[in-house]
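*Asks:* Position chain B relative to chain A; hints supplied.
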Amino acid sequence: MEGRRYIPIVLLLLAAVGVQLTLSACDAAYYLTQLTMSLYYAIVAVGLSLLMGYAGQVSLGHAGFFAIGGYTAAVLATRNLAVEPGAMARALGAMGLLLQREDLYGQTIVYLSPWVSLAAAILLTSAVACVIGVPVIRLKGHYLAMATLGFGLIVYYTVLGAPGLGEADGFSDVPGFRLAGPLEVNGRSAFRVQNFYIACVLAAGVMALGGNLVRSRMGRALRAVHEGEEAAQSLGIHVARAKFGVFLLSALIAAVAGFFLTHYNGGIGPSEATALKSVRYLAIVAVGGMANLWGTLIMGVGLNFLSLRGAFGSFDDAVFGVILIAVMVLAPEGVFRRLPWPFRRKGGDDAAAA
Amino acid sequence: MSAEQALQYCLAGVTVGSIYAIVAIGFNIIYNTTGIINFAQGEFVVLGAMTAISLHTVTPLPLAVAGAVAITAAAGGLIGAGLTRAVKRPTVLRLIIVTIGLSIVLRAAVLHIWDEKVRALPFFTGTEVSSVGFFGARITPQALWVLGICAVTVAGLTLFFRHTLTGRAMRACAANRTAAGLCGIPVGRMVTLSFTLSAAIGALAGCAISPVTQTQYDMGAPLAIKGFTVAILGGMGNSLAAVAAGLLLGVLESFSICIFPLAYQHAVSIAVLLAVLVFRPSGLFGSRDVSALKEH
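As you go down the protein sequences, you meet chains A and B in turn.
Residues 3 to 356 (the working numbering) make up the first sequence, in order.
Residues 124 to 419 (the working numbering) make up the second sequence, in order.
Isolated chain A, as found in the complex (with noise of 0.2 Å):
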């Protein structure tokens, strides 16, 4: 029965479909908007989950990887190519890459494809998970959370502190991302059915890889270095390798959902590179049980949605702080315990949520 992991993913879409069709037959369409928003966080944690539940290696810098992907999104997309235009915005011009707009003053600004730029955004982001990750990767538990603390830190004030980056203002006039046709990453209103649908379909994609990587050699590697480096190293299993792999894949995760939810707002600002966002992706995993894909979305999608209503007013932070420390004393295994049986998780990797 092969095609049977992929029942929770048509019934992820389904379910997707439902909401939409109840909210839009209610007139509540404008919760689309922030399901949308919360979605793109959810991706973020569930490629958390991937590092931290299966892998056992926290990160506290999913923050910098995400913000990685949204500000190469919003500089590339808001660069005026018509200006001075050299030998490189000529070549890009003539393969068709460039795409014209005009601004609020009715100026012809030209711009990167986002296509090349979300391509400009893996390699960065790729780049800075190597020299980062490879060295870090082999630190253990305190040192790896303050490595990738100090890194999630540099990319905040980098971002906050570069005149080039927007400062502490960020970038307010991002373009939408035409995918194909009318399909387009945009947050006006026109657009927010099919926007939707857009970020269903990239988490039931980012769901699917997670769940096939979750169950391949790769991901009994993956809880085999949870359980113990020395023992997984004896069988054979590369562990600095398994380690950062499984680093590169979360954070390009990160990176792409901030490069689409970038499109989808017009902008970022420094305040998505902070540490308390990455604090906030931490709590959402612990909180969907560690080693729990599908908790993980839920809950990603659940508390980012409430939190962006207002649900949580001037405690926003402290209740995810209440929330890590709750999980941890009350639940250590997420709220999750028993599933539903297409959601659950074939037996013997309880122990990895430990």
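Zero decoy hints are in this set.
A short, non-exhaustive set of chain B residues, derived as facing chain A with CB atoms under 7 Å:
1) Ile160
2) Val215
3) Ile219
4) Ile223
5) Ala231
6) Ala344
7) Phe351
8) His389
9) Ala390
10) Leu396
In silico DMTMM-like pairs for lysine to aspartate or glutamate, Cα to Cα no more than 20 Å straight-line:
11) Lys211(B) x Glu229(A)
12) Lys142(A) x Glu231(A)
13) Lys240(B) x Asp319(A)
14) Lys142(A) x Glu232(A)
15) Lys142(A) x Glu229(A)
16) Lys240(B) x Asp341(B)
17) Lys240(B) x Asp318(A)
18) Lys211(B) x Glu335(A)
The hints are simulated quantities; they were obtained by calculation from the structure and are not laboratory data.
Every residue gets a Cβ at the ideal spot worked out from N, C-alpha and C, and that includes glycine.
*Replies:* Below, chain B without anything else, positioned relative to chain A:
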């Protein structure tokens, strides 16, 4: 840069560096008895300073500082006692996550009890203008207070850990918890005590530095990461080396603003942290073999 200017930068660095050293010693005390890195260490500093500022509106300064240290120490003790009892099957990952959660909650508590305004204690003695000359540079009376408090704290802790029964019991927990327990040392009480002590010196540092750098609710995280950098630089658990490392980092950071814009001042310290973690995780003064043994 003239010699006087360089000396002035040095003095500024040494002042801030001694605060980093005290925060690092706070990390060390808890790490030694429990093996936990307390991510909420920086919040103790902020909590102490804020409490003192509020108490100072009704009591004289020495009493306010003493009260703040006592209150923060009590809060630290409660956290320590609760932390180790509440978390079942404590793994490193779980304890890290709990102290991260604590730091967020404490920060939010400070924000709600006080607010986001920048506050400061007055100078312990003298004022901003009553600085004294020092080989052509100027040094404020508060900087002298900070240095003095750092020196007294380090000396006091050294004596405590070497010459009192409680201090020795805490060191025994560090060396081998199981063996310490078998010898009749109440390990749980030592853990509580280590959090109390660590919170107390954090609060004292917060009060001492508040007139110089001022205090805001979100200062905890950068202080914690710099304190941790210093603790690692000196070699985890080694308090005297932490002082040397603290002064070094303070001076380095102070001179970094000649080269990099002020906005990157924090980033310089963090780059130092990453470099030390990667290249010399045992610290500048530690030996690799000893730290390899400590891992287990």
